[in-house]
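Student: Residue strings, one per chain:
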Amino acid sequence: MKVFLCRLLPLSTLLTIPASSWALTSVESTTILRLEQRDAAGSKKDVAPLTQFLGLDLDRLSGSSLSLHFYGWGRLDLAEKSYNTDQGGGSVTYGYLQYRPRDANAELRLGRFFVHEGIVNEQVDGVGARSDLPFGLAISAFGGATVHTVNLPGEESDGKGDGLFGGRVSYRYRGVVEVGLSGVYESAAPSLATHAGGNHRLVGGDLWLAPHSAVELTGHSSYNTETSQVAEHSYLLNVRPVQELTVSARYEEERDRSYFYTWALFSGAALDPADRSRSIGASASYRIRKGELFAEYRRYKRELGTADRFGGEAKFSFADNRVRAGGGYHYLRADQSFAISGTQSPSYHAVRGYLMTDTPSYFGALDLTAYLFKEKIFGRKSAWEGTASGGYHLTRALALSGDVAYGSNPQFSDEVRAVVRLTYNMAYDGKGGTK
Amino acid sequence: MTTISRRLFPLILAGALFLLAGCARMAALPSLPESHPESLAVGQQVNCLECHEDQQKGSLKSFSAFSHTAVFVRNHRFYAQSDDRLCASCHKRSFCADCHTNQVEMKPSLKYGNRPDREMPHRGDYLTIHKIEGKIDPASCYRCHGRGNNERCISCHR
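Here the protein sequences line up with chains A and B, keeping their order. Here the first sequence is numbered in numbering that gives the first Met the number 0, starting from 0 and rising by one per residue. Here the second sequence is numbered in numbering that gives the first Met the number 0, starting from 0 and rising by one per residue.
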């Protein structure tokens, strides 16, 4: 009953507003029919799932500061079951009423929504509010029922508690510094039969510092109150010596048990408290007249071993952005301890290239992604997938398109897929770019 | 009234007065615009400096906090976590849901097979690759799949 009520809450917000007072701002509908043939170890399977995505934004309800936002999807299998044991499926990603007064960046939400505040990243069926306060201060809070996912294998729950609340207070001084304190508290996690679960309770701080317009430091640290140990440090430094060039450095460290504490699927709470995952990296982006060049390096260190990743990408646009092209290459060098069980090496090259055109009448794209393994994985030296796509803008908002894709990889000896896609994407208020 | 309540009372009173004073001044605090005043090109990385020459002196964050270079796109979580109102000025809320959701069956790159120019996770044969990447950087999996959107994981990890 509780789960039913939780699912009903976001949908019930739709019923609170008389239809005559709706001011439709945008509607986004994508209907996708996939036709796939999967061949795994000689066992062929044909699937034909029909999926409907729907997004709505209704602003200025009854001429007020009220708005309503909804996004969800549903799937029906027209042939064999495509995903799990059900012939259909669906989910409400979000559905909430929002009241946004004119001043102080104030906001009140009711329904199902995501919360991104400092160290808090949650989805909740409930209420959330936030506002700027005088003297550079700001405050936010949320609370409600946890949005559950599917049950863990062999369990009667997903390992989450039923309710959660949290919030953030912050201080900002002009465009120079912002510091925040945030936390999330979830009610007691259910007992699990075969997994190690734990209560989801974190506090932490976040920082944004720009002492000069060309320098920016941002990041956060979190502390797990259940393990009484730091869970995560995650920081990014950006430097922009000239307008076209951005150079960044990133540092991340997770104390495995504290960070993955509630990841019951992989028994996070049972991990060794001494284990850490660290990564440092640097990247640079340089804008050129018709495109951008990008390069990056990253080093990972865990108890298992170390790994290095480096590579670069380039993207270009021509003919007033009607033709776009891009490509990239990355190489991952990793210790053998990271290899897939039964294989010799985890190292691989990743190569990708694409070309697309988008005109007022038609559009098309070619896309190729390939992984070249240093040593064979399940007898295969590579995995690749190519997609060709074409479509036509029937009207400014309505487009019909289709993709054909073929792939070969260690999991599926052959993977053939066709997609038919009908997209309706209309913004009624002239709001800035949507995608 | 218990001893603890008596001790907390001045604090609660001071907090209430502070809140009241704050609310009285809130009408003078400006809000971010609900939407960007001009339409922005679809499928083109935005260079905010074309118009926003200097945000350092104002109340907003600096250029690098929202100009969409490849570096920004790869690190956008740092910005979205502290101020998603700025994102919502230009992007529809569903823009985030294309990749970030609690339950989804279709890879974003499949849904948008006609938009290879968009940065999207798990392109190509990620079924094989995730067995390597998951060991090297499990935090990158956990951020999206740890407590939500785990249905795909459960179909194999039993």
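These are calculated hints, taken from the structure and not from any lab test. Worth double-checking, as some hints may not be accurate.
Claimed, not checked - Simulated restraints, written as ranges between beta carbons of each label pair: (1) B/L126 / A/P152: 15 to 21 Å; (2) B/I11 / A/S336: 54 to 60 Å; (3) A/H211 / B/L126: 43 to 49 Å.
To be verified - Once the Cα atoms are required to be at most 35 Å apart in a straight line, the calculated DSBU-like pairs of lysine-lysine come out as: (4) B/K106 / A/K289; (5) B/K106 / A/K43; (6) A/K80 / B/K130; (7) B/K130 / A/K314; (8) B/K106 / A/K380; (9) B/K130 / A/K375; (10) A/K80 / B/K106; (11) B/K130 / A/K43; (12) A/K300 / B/K106; (13) A/K44 / B/K130; (14) B/K130 / A/K380; (15) B/K106 / A/K375; (16) A/K373 / B/K130.
Ideal Cβ positions, reconstructed from N, Cα and C, are used throughout, including at glycine.
Student: Does each hint hold? Answer for all of them.
Tutor: Do the hints match the structure? See the list:
no.: 1; hint: B/L126 / A/P152: 15 to 21 Å; verdict: 19 Å, holds
no.: 2; hint: B/I11 / A/S336: 54 to 60 Å; verdict: 55 Å, holds
no.: 3; hint: A/H211 / B/L126: 43 to 49 Å; verdict: 45 Å, holds
no.: 4; hint: B/K106 / A/K289; verdict: 29 Å, holds
no.: 5; hint: B/K106 / A/K43; verdict: 21 Å, holds
no.: 6; hint: A/K80 / B/K130; verdict: 25 Å, holds
no.: 7; hint: B/K130 / A/K314; verdict: 29 Å, holds
no.: 8; hint: B/K106 / A/K380; verdict: 24 Å, holds
no.: 9; hint: B/K130 / A/K375; verdict: 14 Å, holds
no.: 10; hint: A/K80 / B/K106; verdict: 17 Å, holds
no.: 11; hint: B/K130 / A/K43; verdict: 23 Å, holds
no.: 12; hint: A/K300 / B/K106; verdict: 29 Å, holds
no.: 13; hint: A/K44 / B/K130; verdict: 24 Å, holds
no.: 14; hint: B/K130 / A/K380; verdict: 16 Å, holds
no.: 15; hint: B/K106 / A/K375; verdict: 26 Å, holds
no.: 16; hint: A/K373 / B/K130; verdict: 15 Å, holds
When the structure is compared with the earlier hints, no violation turns up for any of them.
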